[in-house]
Structures are given as structure tokens and as C-alpha cells.
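**Q** Position chain B against the provided structure of chain A, taking the given hints into account.
There are 2 protein chains.
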Amino acid sequence: MENRRFVDRLLACSREKKSLLCVGLDVDPLRIPEPLRGHRDWVYEFNRGIIDATGDLVCAYKPNLAFYEALGTYGLEALERTMRMMPPGVVVIGDAKRGDVGHTSSAYARSLFEVFRFDAATVNPYLGRDSVEPFLSYGDRGIFLLCKTSNPGSGDFQDVVCEAPEGRMPLYQLVAAKARLWNERGNVGLVVGATYPRQLEEVRRLAPELPLLIPGVGAQAGDLERTVLGGTNEAGELAVINSSRGVIHASLGPDWKDAAREAARTLRDEINGYVAAKEAGRPR
Amino acid sequence: MENRRFVDRLLACSREKKSLLCVGLDVDPLRIPEPLRGHRDWVYEFNRGIIDATGDLVCAYKPNLAFYEALGTYGLEALERTMRMMPPGVVVIGDAKRGDVGHTSSAYARSLFEVFRFDAATVNPYLGRDSVEPFLSYGDRGIFLLCKTSNPGSGDFQDVVCEAPEGRMPLYQLVAAKARLWNERGNVGLVVGATYPRQLEEVRRLAPELPLLIPGVGAQAGDLERTVLGGTNEAGELAVINSSRGVIHASLGPDWKDAAREAARTLRDEINGYVAAKEAGRPR
Chain A
-13 MENRRFVDRL LACSREKKSL LCVGLDVDPL RIPEPLRGHR DWVYEFNRGI
37 IDATGDLVCA YKPNLAFYEA LGTYGLEALE RTMRMMPPGV VVIGDAKRGD
87 VGHTSSAYAR SLFEVFRFDA ATVNPYLGRD SVEPFLSYGD RGIFLLCKTS
137 NPGSGDFQDV VCEAPEGRMP LYQLVAAKAR LWNERGNVGL VVGATYPRQL
187 EEVRRLAPEL PLLIPGVGAQ AGDLERTVLG GTNEAGELAV INSSRGVIHA
237 SLGPDWKDAA REAARTLRDE INGYVAAKEA GRPR
Chain B
-13 MENRRFVDRL LACSREKKSL LCVGLDVDPL RIPEPLRGHR DWVYEFNRGI
37 IDATGDLVCA YKPNLAFYEA LGTYGLEALE RTMRMMPPGV VVIGDAKRGD
87 VGHTSSAYAR SLFEVFRFDA ATVNPYLGRD SVEPFLSYGD RGIFLLCKTS
137 NPGSGDFQDV VCEAPEGRMP LYQLVAAKAR LWNERGNVGL VVGATYPRQL
187 EEVRRLAPEL PLLIPGVGAQ AGDLERTVLG GTNEAGELAV INSSRGVIHA
237 SLGPDWKDAA REAARTLRDE INGYVAAKEA GRPR
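Keeping their order, the protein sequence lines are chains A and B. At position 43 of the first sequence (counting the first as 1) the number is 29 in my numbering, and the numbers step up by one without a gap. At position 246 of the second sequence (counting the first as 1) the number is 232 in my numbering, and the numbers step up by one without a gap.
Hints may contain errors.
To be verified - Covered, in the sense of this in silico footprint (three residues per stretch, anywhere, with C-beta under 8 Å from a C-beta of chain B), are these stretches of chain A:
#1 129 to 140
#2 157 to 169
#3 216 to 229
#4 262 to 268
To be verified - Here are some chain B residues pointing at chain A (derived, C-beta under 10 Å):
#5 Phe53
#6 Ala56
#7 Gly85
#8 Val87
#9 Ser92
#10 Ala93
#11 Ser117
#12 Val118
#13 Arg154
#14 Lys164
#15 Gly239
#16 Pro240
Think of the hints as simulated: they come from the structure by calculation, not from any bench. We put the CB at the ideal spot given by N, CA and C, even for glycine.
One chain only, chain A, in its complex shape:
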């Protein structure tokens, strides 16, 4: 693990790969490609196939822990082995949405950053700063705080207007404001769903220096052009745009790896097209 700021590692990675694409490794026992059905080690083999097919096209992979935990220790053991075959130069984000009181959060951070050795993790901010601090203390790892999530119910609490010392604003904006404060080590980012383009633009405006992890394109049907234009910074960077099912389940037939590669390449190219358009439109 390199000893530099996470934000710099992420930038270096997306520049080298010329890609803002993240592929979500969300294994699903109901969507196993035909050639792997009945295979004892299908979780590992599935991830290996997807990583082989897409490794040069992405800046990041994002396994969501939920899908591995749902398979019991078998799934988690396969995830541990998956971690060991990750190609160098991609950022691997443990999508775990953890968060607990102080010494318990330290145990979660240890699990994600030392046992699994993720480069970054998603963290739920509800418990406040001291619950996030154990993650923040790993200066070379990224912490993506949930801000405005992609699901329909995210408004229940995240959109509620708060009377905070920072001003009157929806809760998700207060999270963005705190995230900036907590970013003393250059390792804080935010999760904002592509399904809420207006809020995505708002967060980018409020936090121009923070990386945004943006799920919700593809299966969840966020608008890709608006996502890229609104989610990247002025330089067309600092966005990590995630697709899971749209890439990894592009085909369940014998062509599953080629189909995943094709879906990832198409998505990467579309993203890069919008980035180029944004750059072209920028005053010099």
C-alpha cells in the first residue's frame, strides 16, 4: 500500500487508465453465468472472469459486502481470495456502509483495511465524527461517506431540512459540509446516487475537492450525461461512476466475459465522451 494521499492515488489511477468507471462485483447466486453453474468455486471464478475481462477499462472495483455475507463464510472466503488477485493500479472499494461507536468502528476499519485490504470503504455517517475517525486515521485509504443515496427512500431523512450551525440545509448537504471538515488527510469522499442529478450537482458545487462515488447508472437508470457533467469536477475528474449489474450480468451465456468487457468498454467510452465535451465547453 502506497504511502500517499488517497485522493492522489485515485487521480493517478483514473488518469493512467483514462477511465472513471468502477465495476461493482455484486455476486448473485441467481445470476451465475451458464459455464460456471454448479462450479464449487463460482464466486471466485466469476470475479476472476470479470476482472480478467475488464481490468484495463476501469479505475476501480467495488465489491458490496452484502452479497458475500449472504453466502456465509464461503462467500467471504472467496472475497478474500478475490482481493488477492486484484490487478495493481486499480482502487478497490469495500462497499460495506459500516459505522459504529468508537472502538467498534475501529474493529470494522481493521476488518476492511487490514483483513480484506480494501483501498477504500463506504461509511454511514449517522453516528457522527468519532464513528468515522477510526477509518479516517488510515491516511492512505479512502472513506466514501453516504451522502445522498440512489434509492427511492433516501429522501426520508437525507432530504429533511436541518437547522445546523452551518446553516439551514438538507441533511445530505450537512453531511457534505462535515465531510469537507473531516478531510484533513485528503482521504474523504462522498456517495451520491446518479438517480438524483440535481442533488449530485449541488454536492459537486459544495465540495469541489472531494471524490464522488456515484452508483445508480445502468440498472438503476440514472442519466449518464448529466451524471458525468454534474458529478466530475471542473477538470472532468474526481468522479467514480459505478455500474454493477449492467456490466457483470450483461450476459449469462457462454459469452459472459466478452459481454461484460463490451458493456464496460461502451460505458467507459460514453463517460469519456461526456468528459471531453465538458472540457471542450470549458472557458480557457
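**A** Positioned in the frame of chain A, the structure of chain B alone reads:
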């Protein structure tokens, strides 16, 4: 697993055991009792010792997943085996603080309720109703939503005053209000830290029918009398009062099991004393 409302199972359990005490099974490799040091299966043996020593004194056990995950698949496998030796008639709460978008939350619910077979789980409400719904759909399992957590930073977001359709109130009270709405199956409870007695009393007043899971007595030093008086309902019930370190690490010497039993019995009796005082003071 019995097919009745979680709240009724919890009440039956605390009545039969005459106990509101929950013991947190938070295994810690730096606090292994002397006789188990170097033991290959120390996690399982530690839990077995604690459960043997305290099984008749508690209404619930609460393993926090963080401590098992920090040990890797070894820890989780020991937790799976721990679950299989739980005595009948106690409620086992998976303290996992999970929460994710719809189909991912379903995977977490499957992991906690079907793989580990917990009777209840703690869930982070930040993502809103549809993130909680997959847990709620298990009608016979309990869902303790994080409301006002015991840590010093809990005020960062939970105490912020919100302008909600339900009225002007701190976020933790809005969570309590939503929890009552979502309690269609008699399986919703709230987590409120004993370290915030005023807020605990407020939540009990706002949600008289919901079970409260109350961490923060003992090591975190909440006031026990005020916790019992404020946290139980009118009948002196519906509170699950958790102690972890104060019981399980009462001694690390050869007397570790006896010391845990003694600590648990003392705490249970103190709680029951305050319950009796509350009942005696109630108008008839």
C-alpha cells in the same frame, strides 16, 4: 423460529427470565482470559464460557459483528458455531448496524436472519424506509433502528433540529416517529444510548410501545437508575439493557466465568431493583 410478533417474543423472554439484561459478546483478542490464551478455538470457547455462566441471567445476547469480522473468516465461522449453541428462550441480537439500497439490504437481511439466524438485528436508518423494508419483512425478527447512539459524536447529525412534515424536532426524534409508522408487524425497536438519559426519556415518551435496546451502561458509564426508570415502559418492561465489557471482561484470570456470572447477576439484580421501585411508585 416461532411464528409470532417479535415484541411478544421479547416480552415473553424477559418475563420468563425475570431479566432485562443483555450481554454483548464482543470478543477481543487483547482480552482473552488466561486459560484460553493460545487456544486455537478461543472465540468459540470464550463465548461458550460466557453463555454457560450467564445463560439463566439474561434475556438477550448481542454479538457485535465488527469484532468477528476483524478476525476474518475465522471469527465469522466461530460466530456461526456460537449461534448454534445459544440456549433456547433468549433473544440473540446481531449488532451489525447494516443498511443499504433495496436489493442489497435484502442480502444483508438474508445474511443476518437466514445465514446467522439472529432473532433481531440493529439497522442504520440513514438510507430510509425502503432500505429497512427487507428487514421488516421478516415479521418474527426484531429490527432495532439506530436512534440516539451512545457515542460522544452522536450529536453531529442525530441532534440536529429538522423541519420535517411531522414537525420541528431533532433527527433522532424523527427516526423514532418513523419507526412507529414502520412498526406494522410489531417488530421495530430503537437503539438509544444510556449515556444520554434525557434523550432516552424523550424517546420512551414518544414511542411507548417500542422496545428499546440500550447500550452504554458499564464501560460507557451511563447512570443505571435513570436508564431503567427512563428506558422501560409504564410496566417496567420493553427495555433491553446491554453490558458488554463490564460482564465479559470482569476478570481475565482463571475465575473469568465466575466473575462474568457475578457481574451479570449484580447488574440484573440492580436493574430489577429499579424496576420494582418504579412499579412501587406507580399509581394503582
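**Q** Give me the numbers of the hints this structure contradicts, sorted from smallest to largest.
**A** Violated: hints 3, 4, 15, 16.
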